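**Q** Each of the two chains sits in its own frame; use the hints to bring them together as a complex.
Chains as they are written, first to last, in the numbering used here: chain A, 1 to 113; chain B, 114 to 225.
Hints listed in this document are in silico derivations from the structure and should not be mistaken for laboratory results.
Please note: incorrect hints may appear among the correct ones.
[As the list claims (entries may be wrong)] Label-pair distances were calculated between CB atoms; the ranges are:
1) Pro225/B / Gly28/A: 26 to 34 Å
2) Arg109/A / Pro134/B: 29 to 37 Å
3) Glu53/A / Ser138/B: 30 to 38 Å
4) Pro134/B / Ala72/A: 32 to 40 Å
5) Ala3/A / Leu164/B: 19 to 27 Å
6) Gly16/A / Gly142/B: 44 to 52 Å
7) Ser138/B / Asn17/A: 42 to 50 Å
[Claimed, not checked] Below, computed lysine to aspartate or glutamate pairings styled on EDC-like, alpha-carbon distance capped at 20 Å:
8) Lys36/A / Glu158/B
9) Lys217/B / Asp38/A
10) Lys182/B / Glu124/B
11) Lys9/A / Glu101/A
12) Lys67/A / Glu53/A
13) Lys22/A / Asp70/A
14) Lys9/A / Glu24/A
15) Lys40/A / Asp85/A
16) Lys44/A / Asp70/A
17) Lys116/B / Glu58/A
18) Lys220/B / Asp38/A
19) Lys9/A / Glu158/B
20) Lys41/A / Glu128/B
21) Lys71/A / Glu24/A
22) Lys52/A / Asp38/A
23) Lys220/B / Glu127/B
24) Lys41/A / Glu158/B
25) Lys220/B / Glu128/B
26) Lys9/A / Glu53/A
27) Lys41/A / Glu82/A
28) Lys220/B / Glu124/B
29) Lys19/A / Asp38/A
30) Lys44/A / Glu158/B
31) Lys36/A / Asp85/A
Keep in mind the model is a prediction, meaning the values are calculated, not measured.
Even for Gly, the Cβ is constructed at its ideal location relative to N, Cα and C.
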Amino acid sequence: DTAVSQTPKYLVTQMGNDKSIKCEQNLGHDTMYWYKQDSKKFLKIMFSYNNKELIINETVPNRFSPKSPDKAHLNLHINSLELGDSAVYFCASSQLAGLAEQYFGPGTRLTVT
Amino acid sequence: DAKTTQPNSMESNEEEPVHLPCNHSTISGTDYIHWYRQLPSQGPEYVIHGLTSNVNNRMASLAIAEDRKSSTLILHRATLRDAAVYYCILRTSGAGSYQLTFGKGTKLSVIP
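Pulled out of the complex, with its shape left as it was, chain B reads as follows (with noise of 0.2 Å):
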């Protein structure tokens, strides 16, 4: 699978608008970039996805940089809920894209 990186952790203040970066260097044409998250004592929360072009929903937008190297994820504006584990996902389209491979993580704490 194709690696991701993030930072292990970040800071943001309460409804402030926060910006999560992810790298993926190496990763192939076919590749989905998967944003993900887990609330304390909770199981992980879909996020956003897309694959070439920037993305919004409800809970968030995803960058995504014109070589997809690297996407950022932005929360437009943080509240205390928002405070968990953010995960960056690489996913292939073809035979594997079944499964998630979950990385570290980026742990977000929101200051009231």
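So that you can see chain A by itself, here it is in the shape it has in the complex (with noise of 0.2 Å):
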């Protein structure tokens, strides 16, 4: 069983466009985020989510918006897309207690043309 998925796994479209990443978990995990890793492979948290509730958020463009529907799904919605916006994106999930080890998805690779 896969811990937490994400749909799609390559993603190619066009500036402007708007489109979305989903992301699943099936560890009863309260804890879900979403990291962006750039062609240089740094790797850096974009948004946290606690209980549907938003805890992260880091300087990333409102273009950019999370929902979480229910605590077990994060899913990412980007308007406008544009070159830049193109990287591995990879949701990830923890148990509530912060230092807990956190469980990555397989990434989805967004690339804009």
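**A** This is how it looks when you write it as structure tokens:
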């Protein structure tokens, strides 16, 4: 069973389009995250949700909007895509206790042309 | 966030032990030391964490210096599957402990 799953795995789209990436975890965790890994391989947190409530919102353009319909899902919607949004996006989850290990999904490679 | 320093890359022969160092001279008393690794084309994977005492689990061992200013991740017998980027991360136990701040990590190559 996949613990943290993301769809789609690859996403190729044109500038200006709006797209969504979905994430689901079946671990019963309370906290979910979105990370971005750029072409230089730096991993940076974007958002964190705890029990469907936003707790971390790093400096990310407001074109990016996370949505958590329930605590097992955290979707990422991106409006007006730009070339610089091309990256690999990782979803992760962890137990409520902040020091618990995080479980990452396989990533979604987004390419904006 | 407190910073960590790791070598950019290391090599190991297959089936030999690997010692991956990490310096964290500005660590505070409440910072935990976490290690994650990222295999090619995969998401990061938790390896181990500790506070003061050495820790062992099925994947690795973590040796923490007495002054806590450095630590070493030990893979007892490297396999080809261990080739990955290894990240040493400090996490506070207070506010902001939800997030991981990844650095550049150490790229480990395993030679058959």
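**Q** Evaluate each hint against the coordinates.
**A** These are the hints, each one checked on the structure:
1. Pro225/B / Gly28/A: 26 to 34 Å: violated, 40 Å
2. Arg109/A / Pro134/B: 29 to 37 Å: Once the Cβ atoms are compared, 32 Å apart, the range 29 to 37 Å for Pro134/B and Arg109/A holds.
3. Glu53/A / Ser138/B: 30 to 38 Å: holds, 36 Å
4. Pro134/B / Ala72/A: 32 to 40 Å: holds, 38 Å
5. Ala3/A / Leu164/B: 19 to 27 Å: holds, 26 Å
6. Gly16/A / Gly142/B: 44 to 52 Å: holds, 50 Å
7. Ser138/B / Asn17/A: 42 to 50 Å: Hint holds: Cβ distance 46 Å, inside 42 to 50 Å.
8. Lys36/A / Glu158/B: holds, 15 Å
9. Lys217/B / Asp38/A: Given pair Lys217/B, Asp38/A holds - Cα atoms ~12 Å apart, limit 20 Å.
10. Lys182/B / Glu124/B: violated, 24 Å
11. Lys9/A / Glu101/A: The hint is violated at about 23 Å.
12. Lys67/A / Glu53/A: This hinted pair holds, its Cα atoms lying about 9 Å apart.
13. Lys22/A / Asp70/A: holds, 12 Å
14. Lys9/A / Glu24/A: holds, 13 Å
15. Lys40/A / Asp85/A: Answer holds: Lys40/A to Asp85/A is near 13 Å, not above 20 Å.
16. Lys44/A / Asp70/A: Between Lys44/A and Asp70/A the Cα gap is close to 24 Å, so the pair fails against 20 Å, i.e. violated.
17. Lys116/B / Glu58/A: Measuring from Cα to Cα gives roughly 18 Å; hence the hint holds.
18. Lys220/B / Asp38/A: Answer holds: Lys220/B to Asp38/A is near 17 Å, not above 20 Å.
19. Lys9/A / Glu158/B: Holds, because 18 Å separates the two Cα atoms, which is no more than 20 Å.
20. Lys41/A / Glu128/B: Measuring from Cα to Cα gives roughly 28 Å; hence the hint is violated.
21. Lys71/A / Glu24/A: holds, 9 Å
22. Lys52/A / Asp38/A: Violated - the C-alpha atoms of Asp38/A and Lys52/A are around 26 Å apart, more than 20 Å.
23. Lys220/B / Glu127/B: holds, 15 Å
24. Lys41/A / Glu158/B: Roughly 15 Å between the alpha carbons, so the hint for Lys41/A and Glu158/B holds.
25. Lys220/B / Glu128/B: It holds: about 18 Å lies between the C-alpha atoms, which stays within 20 Å.
26. Lys9/A / Glu53/A: Roughly 26 Å separates the two Cα atoms, so the pair is violated.
27. Lys41/A / Glu82/A: Answer holds: Lys41/A to Glu82/A is near 19 Å, not above 20 Å.
28. Lys220/B / Glu124/B: holds, 8 Å
29. Lys19/A / Asp38/A: holds, 18 Å
30. Lys44/A / Glu158/B: holds, 15 Å
31. Lys36/A / Asp85/A: Holds, because 9 Å separates the two Cα atoms, which is no more than 20 Å.
Hint compliance for this structure: hints 1, 10, 11, 16, 20, 22, 26 are broken, all remaining hints hold.
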